[in-house]
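Generate coordinates for the entire structure from the input sequences, incorporating the hints supplied.
Heads up: the sequence lines are chains A and B, in that order. Per this note's numbering, the very first residue in the first sequence carries number 1; after that it's consecutive. Per this note's numbering, the very first residue in the second sequence carries number 528; after that it's consecutive.
Keep in mind the hints are simulated off the structure, nothing from the lab.
Between beta-carbon pairs, the in silico distance windows are:
{"hint": "1", "chain 1": "B", "residue 1": "Asp664", "chain 2": "A", "residue 2": "Ser433", "range": "36 to 44 Å"}
{"hint": "2", "chain 1": "B", "residue 1": "Arg620", "chain 2": "A", "residue 2": "Trp376", "range": "44 to 52 Å"}
{"hint": "3", "chain 1": "A", "residue 1": "Asp41", "chain 2": "B", "residue 2": "Arg702", "range": "49 to 57 Å"}
All residues carry an ideal CB built from backbone N, CA and C; glycine is no exception.
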Amino acid sequence: MPSEPPTSGGLDANPSQAAGAAGAPFRGRLHPLTLVFAALDSLKSFLVPIIAVGIFGRGDGAMHPLFWVFLALPVYSAVVRYLTFRYRLDQGELITKHGIIARHERHIPLARVQDIRIEQGVLHRLFGVVEAQVETGAGKGPEASLSVLSRAEAERLRQAVFESLPAGAGATPAATRGGEPMAAAEIIRTIGLRELVLEGLTSNRMASVLVLFAVGLGFVDDLVPRERYEQWLREGGEMVARLSARYGESLWIPLGLLAVAGVLVSVGISVVGSIVLFHRFTLARRGEDLQRRYGLLRQRSSNLPRRRIQLLKVEEGLLRRWLRLATIRVDTASGASDEEERKSGRDVLLPIVRRDELPALLPQLLPGLEGDAAPWRQVSRRAIRRGFLKGSIALVFLAGGLFAVEALLRAPRWFDIWPLFLLPAVYWLNVISYRHLGYASGRFYFQTRRGWLGRAWHILPLRNAQTVEIRETPFDRRHGVVTLHLDTAGQSHTGGAPGIANLPRAEALALARSLARTAGATRYCWR
Amino acid sequence: MADEAMPGAEPSELSATIEAPDQTLTPTIEAGAEEFQSLDPRVVRLWRLHQLIFAAVFGGVLLIPLFMLGVRSGRWLWPLVGWLVIMGLLGIRVCWHPRRAYRAWGYRLDEKVLEIRQGIWFRSLTLLPLSRLQHVDLDAGPIERGLGLASLVFHTAGTQNAIIVLPGLEASRARQLRDHLVAVGGDDAV
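Structure below.
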């Protein structure tokens, strides 16, 4: 919107609430322990120069003046931060101020506050303090970091911020809102140690690679003629033999041990990582808010109002599908997607869940989902033929290329066109993906399902859908089909809803118009 | 939807002029699609001019390797023929493409949704629910201004389709359309 202070509209409508829950204007400062933690924090960035001075300081080591300067700077900055940092809630804004020489003042409209995340490292826990990070929809990283506060103060801040928001901000379809702002938290799901071990085992990339390798090996064994297969084995053996001749007798044993150890270590790391990250994972609901709390060393907690879910994805990787497990991811409008998100576990809403729990669990995340049943529909059967055709063309090219290479290097033999033997598999694959590709268009939610080995199930609340698009390639036109896309905000954790290809054109057009109209009839809400 | 007044909202008489269609019906890509409005016909001239400029620059740049090839080999015929063929193709494009693209473009507005269709071979139809509009830009380059044209750029909170362009509108109409859309759609912008 052009140059319009964004807070004025919605928030001034409820000035009494904006004054804060306590009735008095909300203001505060950091916890005295900030002195310690801020100093430690900035000491880290001075570690290298300090060590450098210690080593290269011409022998006088710790007595070198620079040493004291580098030591004093973090202490100084911590003292300044503690003494000058103030925050307050005023006129629907969270205002932070700090600095002596350069004064920094930041105004964050409360309407933009997506979440106040609370994190607590091991040291923090010893002293009962937390870091509070104020998250807005804008770009990457927290908008303001209040570090450190006492736990009680952080909770007070969180409450004051979220209770000052107008309650009716977004019209929820099957809404449970209004009357119960202070409802007690109801635990939706906790994750125990056994499941975390499973999570670690199945999230391990190494493990899935190994499984695929084993499957592939069996495949090769069946398909490739025996002589060629044995020749490969022989050549491989010879190479190892040459190596072992050079490096000693029993190369096999250390190699094997190494491989086993590598796998064990990587699986171990994955399991330990999963336990450290998600220990005592709890997903609870309090009124409209989904609350998550987890972590062994660093404990994290965050809030997510259900209406802010832009898109929900139930992800079943290959291994997890075999074990009847799934992961739930959601997008929020703040599109920060980086390694940090993944490392801190923010990219998943629920890291692991049994598939048979989903029917009971999903409606708690997406209100009204259970009453929004729509029949699953499939796309045009031509999808199989077209997919098969694409796959066949790729395979023919591959086979032709291989044959040509063999013909150039030595005499080609008939089985050099082995990619063509995969044609039935490609057909079967297309049939499988066709069967599992589907969509369901309800009144409030649009759902898609897809995948052959791994599966993905996307649920899109229509009031958070952005645009609908129909695309038609010249090939599509010959078959009278189109691809339908629904665009959403965020998409950093789910990858966005998949486009649905091979929809009959008239059906797609009617669907697109009804989706756009349904979406247009609701207000889009960030908060 | 709440009808709080937006800043810059014009009196709603505008919506009447918006809906008044100048009824340039064009063949539609979608079977059974109702009347889409076409762009201002002057956009054909604009696109043609753009492509002419491109063709001139491209042809000029292409002359450099042609010249070098000619000097090196001493033969001028084939490089010249190649160049002429390329320029001929570009010429056909200049003649044919803008008119065809003009017929492919179209938009349709009702009180809830703006639909925009485009594309000759690869066609698309974008449906933008008006309540999803974050803001609307009005762009007009120097040539566009000279022709009295302007483009509207619609921004949504989405990801792949966050920016949607509707080119080749008559300038005053573009302004009307923008004001109307901001008034209708902007009411739940954050």
